[in-house]
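Q: Hey, can you work out the whole structure from these sequences and the hints?
First to last, the sequence lines map onto chains A and B.
If you're matching positions, the first sequence starts at 0 in numbering that gives the first Met the number 0 and goes up one per residue.
If you're matching positions, the second sequence starts at 0 in numbering that gives the first Met the number 0 and goes up one per residue.
Each hint should be verified, as a subset may be incorrect.
Computed footprint of chain A on chain B, listed as stretches where at least three residues anywhere in the stretch have a Cβ under 8 Å from a Cβ of chain A [said to hold, decoys possible]:
#: 1; region: 161-169
#: 2; region: 176-187
#: 3; region: 243-256
Think about it this way: if two alpha-carbon atoms lie no more than 20 Å apart in a straight line, the pair counts; the simulated SDA-like pairs of lysine to any residue are [unchecked claim]:
#: 4; chain 1: B; residue 1: Lys-92; chain 2: B; residue 2: Lys-37
#: 5; chain 1: A; residue 1: Lys-134; chain 2: B; residue 2: Asp-215
#: 6; chain 1: A; residue 1: Lys-134; chain 2: B; residue 2: Arg-248
#: 7; chain 1: B; residue 1: Lys-1; chain 2: B; residue 2: Leu-12
#: 8; chain 1: A; residue 1: Lys-134; chain 2: B; residue 2: Leu-241
#: 9; chain 1: A; residue 1: Lys-134; chain 2: B; residue 2: Arg-153
#: 10; chain 1: A; residue 1: Lys-134; chain 2: B; residue 2: Lys-37
#: 11; chain 1: A; residue 1: Lys-134; chain 2: B; residue 2: Asn-165
#: 12; chain 1: A; residue 1: Lys-134; chain 2: B; residue 2: Leu-256
#: 13; chain 1: A; residue 1: Lys-105; chain 2: B; residue 2: Val-170
#: 14; chain 1: B; residue 1: Lys-92; chain 2: A; residue 2: Asp-58
#: 15; chain 1: A; residue 1: Lys-134; chain 2: B; residue 2: Arg-252
#: 16; chain 1: A; residue 1: Lys-105; chain 2: B; residue 2: Asn-165
#: 17; chain 1: A; residue 1: Lys-134; chain 2: B; residue 2: Pro-176
#: 18; chain 1: A; residue 1: Lys-233; chain 2: A; residue 2: Gln-169
#: 19; chain 1: A; residue 1: Lys-105; chain 2: B; residue 2: Arg-172
#: 20; chain 1: A; residue 1: Lys-105; chain 2: B; residue 2: Val-156
#: 21; chain 1: A; residue 1: Lys-255; chain 2: A; residue 2: Gln-25
#: 22; chain 1: B; residue 1: Lys-244; chain 2: B; residue 2: Val-71
#: 23; chain 1: A; residue 1: Lys-105; chain 2: B; residue 2: Ala-179
#: 24; chain 1: B; residue 1: Lys-11; chain 2: B; residue 2: Leu-241
#: 25; chain 1: B; residue 1: Lys-244; chain 2: B; residue 2: Leu-12
#: 26; chain 1: A; residue 1: Lys-242; chain 2: A; residue 2: Leu-220
#: 27; chain 1: A; residue 1: Lys-217; chain 2: A; residue 2: Gln-169
#: 28; chain 1: B; residue 1: Lys-37; chain 2: B; residue 2: Asp-215
Source of the hints: derived by calculation from the structure; they are not laboratory data.
Please read these numbers as outputs of a predicted model, since none were measured by experiment.
Positions of the beta carbon are idealized from the N, C-alpha and C atoms, including for glycine.
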Amino acid sequence: MSRLSIRGVGRTFPGVNGGAPTLALQPTDLEVADNDFITVLGPSGCGKSTLLRIVAGLDTPTQGEVLLDGQPVRGPGAERGMVFQSYTLFPWLTVHQNICFGLREKGMAPAQQAEIAARFIAEVGLKGFENHYPKQLSGGMQQRVALARALANDPKILLLDEPFGALDNQTRALMQELLLSIWEQHRKTVLFVTHDVDEAIFMANRCVVFSARPGRIKHELAIDLPYPRHYTVKTSPRFSELKAVVTEDIRAESLKTAQMEH
Amino acid sequence: MKPLREVTPGAKLALGISFFVLFFAAWAFATLGGYVSKTFLADPLTMLRSGWTLLAEQGFATDIGYTVWRVVGGFVLAAIVAVPLGVAMGAYKPIEAFFEPFVSFARYLPASAFIPLLILWAGIGEAQKLAVIFIGSFFQLVLMIAVTVGGTRRDLVEAAYTLGANDWGIVRRVLIPAAAPQVAETLRLVLGWAWTYVIVAELIGASHGIGHMITDSQALLATDQIIFGIITIGVIGLVSDLAFKRANRALFRWAAL
Numbered sequence: 000m001s002r003l004s005i006r007g008v009g010r011t012f013p014g015v016n017g018g019a020p021t022l023a024l025q026p027t028d029l030e031v032a033d034n035d036f037i038t039v040l041g042p043s044g045c046g047k048s049t050l051l052r053i054v055a056g057l058d059t060p061t062q063g064e065v066l067l068d069g070q071p072v073r074g075p076g077a078e079r080g081m082v083f084q085s086y087t088l089f090p091w092l093t094v095h096q097n098i099c100f101g102l103r104e105k106g107m108a109p110a111q112q113a114e115i116a117a118r119f120i121a122e123v124g125l126k127g128f129e130n131h132y133p134k135q136l137s138g139g140m141q142q143r144v145a146l147a148r149a150l151a152n153d154p155k156i157l158l159l160d161e162p163f164g165a166l167d168n169q170t171r172a173l174m175q176e177l178l179l180s181i182w183e184q185h186r187k188t189v190l191f192v193t194h195d196v197d198e199a200i201f202m203a204n205r206c207v208v209f210s211a212r213p214g215r216i217k218h219e220l221a222i223d224l225p226y227p228r229h230y231t232v233k234t235s236p237r238f239s240e241l242k243a244v245v246t247e248d249i250r251a252e253s254l255k256t257a258q259m260e261h
Numbered sequence: 000m001k002p003l004r005e006v007t008p009g010a011k012l013a014l015g016i017s018f019f020v021l022f023f024a025a026w027a028f029a030t031l032g033g034y035v036s037k038t039f040l041a042d043p044l045t046m047l048r049s050g051w052t053l054l055a056e057q058g059f060a061t062d063i064g065y066t067v068w069r070v071v072g073g074f075v076l077a078a079i080v081a082v083p084l085g086v087a088m089g090a091y092k093p094i095e096a097f098f099e100p101f102v103s104f105a106r107y108l109p110a111s112a113f114i115p116l117l118i119l120w121a122g123i124g125e126a127q128k129l130a131v132i133f134i135g136s137f138f139q140l141v142l143m144i145a146v147t148v149g150g151t152r153r154d155l156v157e158a159a160y161t162l163g164a165n166d167w168g169i170v171r172r173v174l175i176p177a178a179a180p181q182v183a184e185t186l187r188l189v190l191g192w193a194w195t196y197v198i199v200a201e202l203i204g205a206s207h208g209i210g211h212m213i214t215d216s217q218a219l220l221a222t223d224q225i226i227f228g229i230i231t232i233g234v235i236g237l238v239s240d241l242a243f244k245r246a247n248r249a250l251f252r253w254a255a256l
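A: What follows is the structure in structure tokens.
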């Protein structure tokens, strides 16, 4: 059964100061099945983040609808966990308290909260940092906490909006492996927005390539690399083939974006 | 000196104290050296001596007690109403649209100009003094708190929504804690302004208080006592400000990281 259905979802932003309205996202259809790891790849400003925000319920589509297990999405909710590109840990809460945020909102008993938090803190490798405040952590560590915070809530689907975009290359590679191993273990349904080709191929079982603005799905590609994936897969011939295809796709779109701005 | 380069705590303290020393030295030089007439400006030693007389023989401590009570009383009353209203205005735009224009207007009404009216309405007792402080600080507090709460990072609010928070949860668990350190800073700042209003309130129709003592001294041309009164206010202000800063840092350790 399909978990998430995106049906004809489009978004137009009203014009600023009487200007023409901006079409950010053309009507888009996408079916996300249970346990899918889908990466949405596109040049910056193509509307891929807008689509993710609509799925999260943080933005409303001008047309179309999003269904999760057949239920229309009407606003944000705990069953769609999200990790943002910006660091969104609550700075006044410790790592432990941040991870418990959603659990407390559900009214869970503190003992049970603590148990779940401890499990996910261990899973993202942050044992010993429970009582640190976000500002005391590096960017990569903060995003690991954000991931643990989203996972602790046990969402039906995990939405990631360029979560590793602000990290350096080495940290990003490690984070990708961490996320992948967590996904292989928990089999969460994941929708991951990125502009990084390697990232998009390395993690996904399906990669969706977006066109330049106004965004639409240009190409859907099954990534047939076997799981569990080791980082060495990035140097395999099949990875290179896929990368060549996707790079060609995305390059054409990036060129369009660049020309539009001239 | 490099721009924005921090100084060591020791150097900071030494620099801060050295200006006080310089200030008093200049004052002492001008007065004790005979460059300024005693009628206009008392010298520091006379000031300290009459300060001691005030405290020991004329019950100035009671005056100080009255003034502190008025400032704290009026300010606490203002804060009790202003903090919830400011949070509500910052969080909910219709509430802000309803109150904000009036509060912005009222903010410019000088509290001291209300004194004649307040005497008429509330007499010359404590209620009138508290009311001056209340008017002087309430509107400022409301506006500054509303702006702080309204400026909460949107991505934190969105993150809380995706974690399952409802609207009340956003106010209670995101907007209020995120704004708390800045709200505390606002309280500290406005408490300082409240001190300026209390003296004005005490200049008219008061039988106690630092401001009352200053008015009495004016009739006697006792510049030494006036200056001692002013310095007392300064010292109390400095101490309460430091205490407030300390408390804020202890309460909101995360904000100072």
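Q: It remains to establish, for every hint, whether it holds in the given structure.
A: Okay, the hints, checked on the actual structure:
With a cut-off of 8 Å between beta carbons, the region 161-169 of chain B has 6 residues touching chain A; three or more are needed, and the interface restraint holds. Under the rule that three or more residues need a Cβ within less than 8 Å of chain A, the assignment of the region 176-187 of chain B holds, with 3 such residues. Residues of the region 243-256 of chain B with a Cβ under 8 Å from some Cβ of chain A number 5, which satisfies the need for three, so the listed coverage holds. Distance hint between B/Lys-92 and B/Lys-37 is unfulfilled; the C-alpha atoms sit about 58 Å from each other, more than 20 Å.
A distance of roughly 54 Å separates the Cα atoms of A/Lys-134 and B/Asp-215; the hinted pair therefore is violated under the 20 Å criterion. Distance restraint check for A/Lys-134 and B/Arg-248: the Cα-Cα separation of roughly 16 Å lies within the 20 Å cut-off, and the hinted pair is therefore satisfied. The straight-line distance between the Cα atoms of B/Lys-1 and B/Leu-12 is roughly 19 Å, inside the 20 Å bound, and the hint therefore holds. Taking the CA atoms of A/Lys-134 and B/Leu-241, the gap is about 25 Å. The hint is violated against a cut of 20 Å.
The straight-line distance between the Cα atoms of A/Lys-134 and B/Arg-153 is roughly 18 Å, inside the 20 Å bound, and the hint therefore holds. In summary, the hint linking A/Lys-134 to B/Lys-37 is not supported, as the alpha carbons are separated by about 57 Å, beyond the 20 Å threshold. In summary, the hint linking A/Lys-134 to B/Asn-165 is not supported, as the alpha carbons are separated by about 26 Å, beyond the 20 Å threshold. Taking the CA atoms of A/Lys-134 and B/Leu-256, the gap is near 6 Å; set against the 20 Å cutoff, the hint holds.
Between A/Lys-105 and B/Val-170 the alpha-carbon distance is near 16 Å, which keeps this suggested pair within the 20 Å criterion. Taking the CA atoms of B/Lys-92 and A/Asp-58, the gap is about 19 Å. The hint holds against a cut of 20 Å. A hinted pair counts as satisfied when its Cα atoms are at most 20 Å apart, and A/Lys-134 with B/Arg-252 qualifies at roughly 11 Å. Proximity of A/Lys-105 to B/Asn-165 is assessed by CA-CA distance (about 10 Å); at most 20 Å being required, the pair is judged to hold.
Between A/Lys-134 and B/Pro-176 the CA atoms are separated by roughly 16 Å; this keeps the pair inside 20 Å, and the hint holds. For the hint pairing A/Lys-233 with A/Gln-169, the CA-to-CA distance comes to about 14 Å; that is within 20 Å, so the pair holds. As the CA atoms of A/Lys-105 and B/Arg-172 are separated by approximately 13 Å, the hinted pair is consistent with the 20 Å bound. With a CA separation close to 17 Å, the supplied pair A/Lys-105 and B/Val-156 stays within the 20 Å bound.
Restraint check: the Cα-Cα separation between A/Lys-255 and A/Gln-25 comes to about 16 Å, which is no more than 20 Å; the hinted pair holds. A C-alpha spacing of about 16 Å is found between B/Lys-244 and B/Val-71, which places the hinted pair at or below 20 Å, so the restraint holds. Under the criterion of a C-alpha separation no larger than 20 Å, the hint pairing A/Lys-105 with B/Ala-179 is inconsistent with the structure, at around 24 Å. For the proposed pair B/Lys-11 and B/Leu-241, the alpha carbon gap of about 15 Å is at most 20 Å, so the pair holds.
The straight-line distance between the Cα atoms of B/Lys-244 and B/Leu-12 is roughly 16 Å, inside the 20 Å bound, and the hint therefore holds. The hinted pair formed by A/Lys-242 and A/Leu-220 meets the criterion: a straight-line CA distance of about 11 Å does not exceed 20 Å. The straight-line distance between the Cα atoms of A/Lys-217 and A/Gln-169 is roughly 30 Å, outside the 20 Å bound, and the hint therefore fails. For the proposed pair B/Lys-37 and B/Asp-215, the alpha carbon gap of about 18 Å is at most 20 Å, so the pair holds.
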